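So you can see what is in the structure, the chains are spelled out below.
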Amino acid sequence: MKDIKVLGPGCKRCQTTEDMVKTAAASLGLDVAVEKVTDYAEMAKYGVLSTPGIVIDGKVVHAGGLPKEDDLKKWLQA
Amino acid sequence: MTTLAASLGRARKSQGAWMAGLAVAVVLWFAIYRQLLPFAQWLVARLPIAPGSHLASSVEFFFYDTPKVLMLLTLVVFAMGVVRSFFSADRTRALLAGKREGLGNIAAAHLGVLTPFCSCSAVPLFVGFVSAGVPLGVTFSFLIAAPMVNEIALGLLFALVGWQVALTYLVFGLSVAIVSGWIIGRLHLESWLEPWVREVRAGDVDLEDEHLSWIDRFEAGWEAVREIVGKVWYWMIAGIAAGAFIHGYVPEALLSGIMGSGSWWSVPAAVLLGIPMYSNAAGIIPVIEALLGKGAAIGTVLAFMMSVIALSLPEMIILRKVLSARLIAVFIAVVASGILTVGFLFNALYS
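Just so you know, the sequences run in chain order L and S.
1 is the number of the first residue of the first sequence in the UniProt record's numbering; add one for each residue after it.
1 is the number of the first residue of the second sequence in the UniProt record's numbering; add one for each residue after it.
Looking at chain L on its own, in the form it has when it is part of the complex:
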């Protein structure tokens, strides 16, 4: 099971990103645990400068702006 974190203080884009991650995982039939990280100190530890950021199994794969759907699926399958 993949452990996915969506980093963002709770702006609209972060919410959209979380939904996109869930939708993409569901369409691939993957079993994932999605967690929302809103704590700034936690975000800083990952070194993410612009939100929303996406962390998959401890690795930052995306930071800033909405991810592209194709990329998202690629990261999830990696």
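If you're looking for bench data, these hints aren't it; they were derived computationally from the structure.
The structure displayed is predicted, hence computed values, not measured ones.
Treat each hint with caution, since some may be false.
[To be verified] Straight-line C-alpha distance at most 30 Å; calculated DSS-like pairs for lysine-lysine: (1) S:LYS321 - L:LYS36; (2) L:LYS74 - L:LYS22; (3) L:LYS2 - L:LYS45; (4) L:LYS74 - L:LYS59; (5) S:LYS68 - L:LYS12; (6) L:LYS36 - L:LYS73; (7) L:LYS12 - L:LYS2; (8) L:LYS36 - S:LYS231; (9) S:LYS231 - L:LYS73; (10) S:LYS321 - L:LYS45; (11) L:LYS2 - L:LYS68; (12) L:LYS12 - S:LYS321; (13) S:LYS231 - L:LYS68; (14) L:LYS36 - L:LYS22; (15) L:LYS59 - L:LYS12; (16) S:LYS99 - L:LYS45; (17) L:LYS36 - L:LYS74; (18) L:LYS12 - S:LYS231; (19) S:LYS321 - L:LYS59; (20) L:LYS68 - L:LYS45; (21) S:LYS99 - L:LYS59; (22) L:LYS73 - L:LYS22; (23) S:LYS231 - L:LYS22.
Add chain S to chain L, keeping to what the hints say.
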């Protein structure tokens, strides 16, 4: 239907289709833009309003400015979206880390204008910069320049008010950011950060180098248009309505008496008035256009605009998470004095 969608999808991926589409769009844009004033006049003449009345002049301003500002906004936002795809917060940080103050402040202010930045990213960005060894003052130059020299405000000023005002706004906005950041750096206020910020050891990220094609950049521009224009259009309409009212009804003598260059207190009053007001650049520019038309002094008006855009309460509340209240007070004081100086200087230069 599905075949149409599929071919549209393919067209989106083709650089040639983008180029051709953009060329057609630009030609159409200029063709329509030139017809806006005659169209507004024609429309007002059809309405049961006495020609030459206050109402007619207000309504014409509204009918002319609404499509005009909307079109300009779309153009400016698209162009900026494409330009910004060349910059990223990570690259900017790498450029600024370890830079000395002085030169670092200058670089930070310029990058602040160009780096894509949304206010909800202000805190992670601030922490990320400081923990990566970007000096506090340089970080502030970046943080001040980003809202102070608003690219939308710049584009709209250029088109609606004139290039001289736009250029001066750019130069003075950058100067305020550079000097304010430098002063904050000189004050050595590192101990005034919230304690956790000083302790954070930021992790290193190595994102795969995203290779962007021109199609990606155009798509980024289009994405920016959808997002920003979708978000600010009601600010814009409200601003144009306010501008239309000023244009049609407010007597010139009254306004130039209050906001003219003769009254020294109008600049500080404009800055104070602007702090609690929070509007978007797209909403404030039509008001400015109308104020200037009525003889308000340019320095006073610019000071008001900078204060509304750059010093906003919501942003202060977000920044409170990383800065102590004292540091925020210093930040407001330094930036407000910078804006005051700009206002007075402008009034002295142009009166």
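*Okay, which hints does this one fail, numbers in order?*
none
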